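Visitor: Given next are the chains, with one letter for each unit.
2 protein chains.
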Amino acid sequence: MASTTKPLQELIDALTKLPGIGRKTAQRLAFHILKSSKEEAQRLANAILDVKEKIFLCSQCFNITDTDPCSICADPNRSDEIICVVEQPSDMMAIETIGEFKGKYHILHGALSPLSGVGPENLKIKELIERVKKGRVKEVIIATNPDAEGSATALYLTKLLKPLNVKVTRIAEGVPSGGNLEYIDPATLRKSLEGRREV
Amino acid sequence: MASTTKPLQELIDALTKLPGIGRKTAQRLAFHILKSSKEEAQRLANAILDVKEKIFLCSQCFNITDTDPCSICADPNRSDEIICVVEQPSDMMAIETIGEFKGKYHILHGALSPLSGVGPENLKIKELIERVKKGRVKEVIIATNPDAEGSATALYLTKLLKPLNVKVTRIAEGVPSGGNLEYIDPATLRKSLEGRREV
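Here the protein sequences come in this chain order: A and B.
Each residue of the first sequence is one higher than the one before, counting from 38 in my numbering.
Each residue of the second sequence is one higher than the one before, counting from 38 in my numbering.
Rather than coming from a laboratory, the hints here were simulated on the basis of the structure.
Warning: the hint list may mix true and false statements.
No distinction is drawn between identical chains; accordingly, a pair holds when it is met within one copy or between any pair of copies.
Claimed, not checked - With a straight-line Cα cutoff of 30 angstroms, these simulated DSBU-like cross-link-like pairs (lysine-lysine) come out: (1) 163 / 43; (2) 139 / 43; (3) 170 / 61; (4) 161 / 72.
A quick note: this is a predicted structure, and the numbers were derived from the prediction, not measured.
Construct all of the structure, not just a fragment, from the sequences and the given hints.
Guide: Have a look at this one:
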């Protein structure tokens, strides 16, 4: 647009690259940044740069961290005997919000997906096996997503972990709490029936 | 959240300050920035800083610009005889997208709003009057929003401009093109009837 100044257009272009941000939203955000105080803009810009400069992966669990080992791996109140395996750091953060899991994590950074060219060598699977082989781990909870890739990854991990003499568990699939059976998809209902427990 | 590293949390906090960005979206954006290339993050951060450093208001129309006068005021193919008055630079950009207006603009940077403490002295109204007084302007199109504040501003401007011997017009209010009468609010329908034209 000829009516936009170059710096503003560049900001709109850069914001449009973010996921879920269309041209209209990018324009609204850009105008907000233009009107906000210089300190606020500086803070946002610094936060963006800091995240790229100061964050790396924990050498033990591959969580994103600015200390090594990360705060969770370094926490003496957390058990080394139980490891929860997730696909992404955001999955770990979701589990941490419930505040009940007191073991450690292992972040795979993805799930097996032959169609997208993601094989076992692209994930932190070798590292997980090495951690388990060290012998302190008693249970591995596989908390990959209950979709095609996550389930395939869970199956693959189970096959690798079973021979290591460790308990391997998978998070339950079923009807979400507060959900309504009428609106649940058949695949979930089937899993919910399969996973039924005596009360 | 104890499970998030400080730089990531700071980025999430800074993003949450943006309009329409909640905590979940901020988290998604932050993870995207974390995973994107360093160049891309740098580009976004620079764009944010540039917008604050390089952009100022055009001394003639008060459009945001990085040159003075702005590209529209400096355009010899645009007429000085007709000025379109809008509330915000984004309104001007919206009118520019239709590509039919070939005059100049005047950006008020707001609308009269006694409840929010915005009076005539907070808007670029004095500057508009001075522009018109210079004598080259033949028509002022008042394109403030058709809401309470915008309409009050239009009325106020009309009273100031009429004695200056200049044609003052207001953009048409009515049923939006492609709209359906059944779903249009009564106020718009009333305006649409009032503004009817002979065909």
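Visitor: All hints, please: hold or fail.
Guide: Hints versus structure:
1. In this assembly of identical chains, the alpha carbons of residue 163 and residue 43 lie at most 30 angstroms apart only when taken from different copies (29 angstroms versus 48 angstroms within one copy).
2. Only between protomers do residue 139 and residue 43 lie at most 30 angstroms apart by alpha-carbon distance; the minimum there is 21 angstroms, versus 51 angstroms within a single protomer.
3. Neither within a single protomer nor between protomers do residue 170 and residue 61 lie at most 30 angstroms apart by alpha-carbon distance, with minima of 52 angstroms and 37 angstroms respectively.
4. Taking the closest pair of Cα atoms, residue 161 and residue 72 come within 30 angstroms of each other only across two copies (16 angstroms); inside a single copy the shortest separation is 44 angstroms, beyond that limit.
Of the numbered hints given earlier, the model fails hint 3 alone.
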